[in-house]
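Undergrad: Single-letter residue listing:
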Amino acid sequence: MTTATATKTDLKKTAAQLRISIIRMIEAAGSGHPGGSLSIIDILLYLYTQVLRHDAKKPAWPDRDRLILSKGHACPALYAVMAHCGYFPESELMTLRKLGSPLQGHPDRLRLPGIEASTGSLGQGLSIGLGMALAGQMDKKDYRVYAILGDGEMQEGQVWEALMAAPKFKTANLTVIIDSNNGQIDGHVNEIMSLDPLADKLASFGWDVKAIDGHDFAAIAGAFPADRTAVGKPRAVIAHTIKGKGVSFMENQIGWHGKAPNKEEADKAVAELAKGLS
Amino acid sequence: MKATREAFGEALLELGEKNPAVVALDADLSKSTMTLAFAKKYPERHIELGIAEQNMVGVGAGLALCGKVPFITSFACFLVGRLEPLRIAAAYNKTNLKIVGTHAGLGIGDDGASQMGLEDIAAMRALPGMVVLQPADELEAKQAVLWAAAHDGPVYLRLTRQKLVDCHKPGYQFQLGRCDRVWAPQPEPKHYQATIFASGGTVGEAIKAAQDLTARKFAAQVVNAATLAPFDEEAVRQAAAVSERLVTVEDHNINGGLGSAVCEAAAAAGVGVPVVRLGARSFGESGMPDELYDKHGLSAPHIVEACLRNL
Chain A
1 MTTATATKTD
11 LKKTAAQLRI
21 SIIRMIEAAG
31 SGHPGGSLSI
41 IDILLYLYTQ
51 VLRHDAKKPA
61 WPDRDRLILS
71 KGHACPALYA
81 VMAHCGYFPE
91 SELMTLRKLG
101 SPLQGHPDRL
111 RLPGIEASTG
121 SLGQGLSIGL
131 GMALAGQMDK
141 KDYRVYAILG
151 DGEMQEGQVW
161 EALMAAPKFK
171 TANLTVIIDS
181 NNGQIDGHVN
191 EIMSLDPLAD
201 KLASFGWDVK
211 AIDGHDFAAI
221 AGAFPADRTA
231 VGKPRAVIAH
241 TIKGKGVSFM
251 ENQIGWHGKA
261 PNKEEADKAV
271 AELAKGLS
Chain B
1 MKATREAFGE
11 ALLELGEKNP
21 AVVALDADLS
31 KSTMTLAFAK
41 KYPERHIELG
51 IAEQNMVGVG
61 AGLALCGKVP
71 FITSFACFLV
81 GRLEPLRIAA
91 AYNKTNLKIV
101 GTHAGLGIGD
111 DGASQMGLED
121 IAAMRALPGM
131 VVLQPADELE
141 AKQAVLWAAA
151 HDGPVYLRLT
161 RQKLVDCHKP
171 GYQFQLGRCD
181 RVWAPQPEPK
191 HYQATIFASG
201 GTVGEAIKAA
211 QDLTARKFAA
221 QVVNAATLAP
231 FDEEAVRQAA
241 AVSERLVTVE
251 DHNINGGLGS
261 AVCEAAAAAG
271 VGVPVVRLGA
281 RSFGESGMPD
291 ELYDKHGLSA
301 PHIVEACLRN
311 L
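Same order as they appear, the protein sequences are chains A and B. Here the first sequence stands for residues 1 to 278, where the numbers follow my numbering. Here the second sequence stands for residues 1 to 311, where the numbers follow my numbering.
Here chain A stands alone, though its shape is the one from the complex:
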């Protein structure tokens, strides 16, 4: 369990390091999703090091907080953070997507301890998170549940069924985080199937909504208060992010949604990211 408050500079440096891991993992795998991994890594890093009650040595601890990466294709980011927290050796990161690796192309809870739900078929994580939150409520446990969805993923109907249901049960222990990077495979979310006005929609469904810059650690800290005070409603955090964040030639480029960099591209990306390490 990490409770120490890291400085903003430390977090930025660690994020740069994890971004390098993401690039190298996907390069080594020869396939994967850099865009959405780079957009969510800052939030994942903050949650795993500053917010979540968890213990890498006890992944089945009943009172742990649960985080579900519903946008499972961003798992390189999750794996990088989990390795950073000690769930498995960092050297294993390079086995991503290889035969027999616990680091499957999309998260697999049965192969990798610490993964709360196997995901990747979009639209399902919030429902699963709601079930976990309801179990916590029934058992009078104080663990919290976080589900991270992509903005494109919000086009799935099941998400709206879950969004409708959670406020009925006043699951204040449930937070949905929407990685709003405005990118999906076929183009920009606001052109493919717009979600606007997303904050209004969520609020009208009964959620406590906060919109933040998903790369600003001060803003992220404001959205995930450490005091665990419940607001009586489930929370929604719309994180405005940049797809491919941190790598100039990937930023906001739809083509980098699901394409691996070759050696030359990866070297170039790492050289840029390395500037954030000092």
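Don't take every hint at face value.
To be verified - Result set (BS3-like, lysine-lysine): computed pairs, CA atoms no more than 30 angstroms apart in a straight line: (1) A/Lys170 / A/Lys8; (2) B/Lys94 / A/Lys98; (3) A/Lys13 / A/Lys98; (4) A/Lys170 / A/Lys13; (5) B/Lys18 / A/Lys140; (6) B/Lys40 / A/Lys233; (7) A/Lys140 / B/Lys2; (8) A/Lys57 / A/Lys141; (9) A/Lys140 / A/Lys170; (10) A/Lys141 / B/Lys2; (11) A/Lys170 / B/Lys40; (12) A/Lys168 / B/Lys2; (13) A/Lys168 / A/Lys13; (14) A/Lys168 / A/Lys140; (15) A/Lys98 / A/Lys201; (16) A/Lys13 / A/Lys268; (17) A/Lys201 / A/Lys168; (18) B/Lys2 / A/Lys233; (19) A/Lys57 / A/Lys168; (20) A/Lys140 / B/Lys94; (21) B/Lys41 / A/Lys140; (22) A/Lys57 / B/Lys94; (23) B/Lys2 / A/Lys170; (24) B/Lys40 / A/Lys275; (25) A/Lys141 / B/Lys94; (26) B/Lys18 / A/Lys170; (27) B/Lys2 / B/Lys31; (28) B/Lys2 / A/Lys275; (29) A/Lys98 / A/Lys259; (30) A/Lys233 / A/Lys170; (31) B/Lys41 / A/Lys170; (32) A/Lys58 / A/Lys12.
No lab work stands behind these hints, which were simulated from the structure alone.
With chain A held as given, fit chain B onto it using these hints.
TA: Chain B alone, transformed into the frame defined by chain A:
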């Protein structure tokens, strides 16, 4: 004589008392799926999710991942129609989710085709690790529900709206993956002209057919297949060894259900015995259950004909 959904409702109530982890989830059909009594007695363990079945699958999976034993219930067609969350949240995650599809098949009668699950066994059999159960009477249904609650993993229970005749004697004990013979002529012949495999709503018709055949000096026995996955291949091999033909009869589409399972087992065992399959070959329609069983070829006279027909 009871509908298997009624037996489920009673067994669930019993489980509610025995096991505090048991939770029931509904999608606006608690009166039909028979979870209402549980909901009244254990309101804190009943979750009404409205007409949103795919969310119910996910919520059930999440509850299971936190140690609950959730029973999610709706009509068979509405539940299995949400195959993707069943594939991932239930089967791939290996969650301890109990999926209860009531109102299976033509047997629901006058509500008609859109309410009749006739494809669900085929779909659920294709999910790795999914146990598929279809009890044939009240006794077996209660035991199957209790078994499902004790089993760690996803289970699909296919239940009927209509009442089913009791085909098991009081001492019967359900066993996973085991077919059981529910009818044979006395004294028992060494050799059968036909062995009839039935499941759920068709078992009663199969017994009627076998009785009729016996009166005609034609040796037939009836085997009940309560477990459709994992399937009892040995039962097929044994039946084939003593039978001139196998007949399957199911209130489900002709493809992918009991008939397919029997054919697969017979082919794998290399037995050269013909298999005659009876089952729905089209969507259903409105009508009384017995009229529909007759029209779609599942009633006793059709089974008799399938046993006697020249091949």
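Undergrad: None of the hints should be skipped; say for each whether it holds.
TA: These are the hints, each one checked on the structure:
Using a Cα cut-off of 30 angstroms, the hinted pair A/Lys170 and A/Lys8 is violated, with the two alpha carbons roughly 33 angstroms apart. Among the hinted pairs, B/Lys94 with A/Lys98 is consistent with the structure: their alpha-carbon atoms are about 22 angstroms apart, no more than 30 angstroms. Between A/Lys13 and A/Lys98 the alpha-carbon distance is near 29 angstroms, which keeps this suggested pair within the 30 angstroms criterion. Of the supplied pair hints, the one linking A/Lys170 and A/Lys13 is violated, its CA atoms being roughly 38 angstroms apart against a limit of 30 angstroms.
For the proposed pair B/Lys18 and A/Lys140, the alpha carbon gap of about 20 angstroms is at most 30 angstroms, so the pair holds. Taking the CA atoms of B/Lys40 and A/Lys233, the gap is near 26 angstroms; set against the 30 angstroms cutoff, the hint holds. The suggested pairing of A/Lys140 with B/Lys2 is violated, with an alpha-carbon distance near 38 angstroms, which exceeds 30 angstroms. Only pairs whose Cα atoms come within 30 angstroms are accepted, and A/Lys57 paired with A/Lys141 is accepted, the gap being roughly 21 angstroms.
Our distance criterion of 30 angstroms between C-alpha atoms is met by A/Lys140 and A/Lys170, whose separation comes to about 14 angstroms. Of the supplied pair hints, the one linking A/Lys141 and B/Lys2 is violated, its CA atoms being roughly 40 angstroms apart against a limit of 30 angstroms. Using a Cα cut-off of 30 angstroms, the hinted pair A/Lys170 and B/Lys40 holds, with the two alpha carbons roughly 21 angstroms apart. Using a Cα cut-off of 30 angstroms, the hinted pair A/Lys168 and B/Lys2 is violated, with the two alpha carbons roughly 36 angstroms apart.
Distance restraint check for A/Lys168 and A/Lys13: the Cα-Cα separation of roughly 41 angstroms exceeds the 30 angstroms cut-off, and the hinted pair is therefore not satisfied. Restraint check: the Cα-Cα separation between A/Lys168 and A/Lys140 comes to about 18 angstroms, which is no more than 30 angstroms; the hinted pair holds. Among the hinted pairs, A/Lys98 with A/Lys201 is inconsistent with the structure: their alpha-carbon atoms are about 40 angstroms apart, more than 30 angstroms. For a cut-off of 30 angstroms, the pair hint linking A/Lys13 to A/Lys268 stands: about 18 angstroms separates their Cα positions.
Using a Cα cut-off of 30 angstroms, the hinted pair A/Lys201 and A/Lys168 holds, with the two alpha carbons roughly 16 angstroms apart. Note on B/Lys2 and A/Lys233: the hinted pairing is violated, with a Cα-Cα distance of about 44 angstroms set against a maximum of 30 angstroms. Note on A/Lys57 and A/Lys168: the hinted pairing is violated, with a Cα-Cα distance of about 35 angstroms set against a maximum of 30 angstroms. For the given pair, A/Lys140 sits about 25 angstroms from B/Lys94 by alpha-carbon distance, which is consistent with the 30 angstroms threshold.
Annotation: proposed proximity of B/Lys41 to A/Lys140 holds, straight-line Cα distance about 20 angstroms (limit 30 angstroms). Straight-line distance between C-alpha atoms of A/Lys57 and B/Lys94 comes to about 23 angstroms, which keeps the hinted pair within the 30 angstroms bound. Between B/Lys2 and A/Lys170 the CA atoms are separated by roughly 39 angstroms; this puts the pair beyond 30 angstroms, and the hint is violated. Distance check on the hinted pair: B/Lys40 and A/Lys275 sit about 63 angstroms apart at the alpha-carbon level, beyond 30 angstroms; violated.
Restraint check for A/Lys141 and B/Lys94: the C-alpha separation of about 24 angstroms stays at or below 30 angstroms, so the hint holds. A distance of roughly 28 angstroms separates the Cα atoms of B/Lys18 and A/Lys170; the hinted pair therefore holds under the 30 angstroms criterion. Simply put, B/Lys2 and B/Lys31 have alpha-carbon atoms about 16 angstroms apart, close enough for the 30 angstroms limit, and the pair holds. Simply put, B/Lys2 and A/Lys275 have alpha-carbon atoms about 73 angstroms apart, too far for the 30 angstroms limit, and the pair is violated.
Taking the CA atoms of A/Lys98 and A/Lys259, the gap is near 16 angstroms; set against the 30 angstroms cutoff, the hint holds. At roughly 5 angstroms between alpha-carbon atoms, A/Lys233 and A/Lys170 fall within 30 angstroms of each other, so this suggested pair holds. Taking the CA atoms of B/Lys41 and A/Lys170, the gap is near 22 angstroms; set against the 30 angstroms cutoff, the hint holds. Pair hint A/Lys58 plus A/Lys12 holds up; C-alpha atoms about 27 angstroms apart against a cutoff of 30 angstroms.
In terms of the numbered hints stated before, the structure departs from hints 1, 4, 7, 10, 12, 13, 15, 18, 19, 23, 24, 28, listed from lowest to highest.
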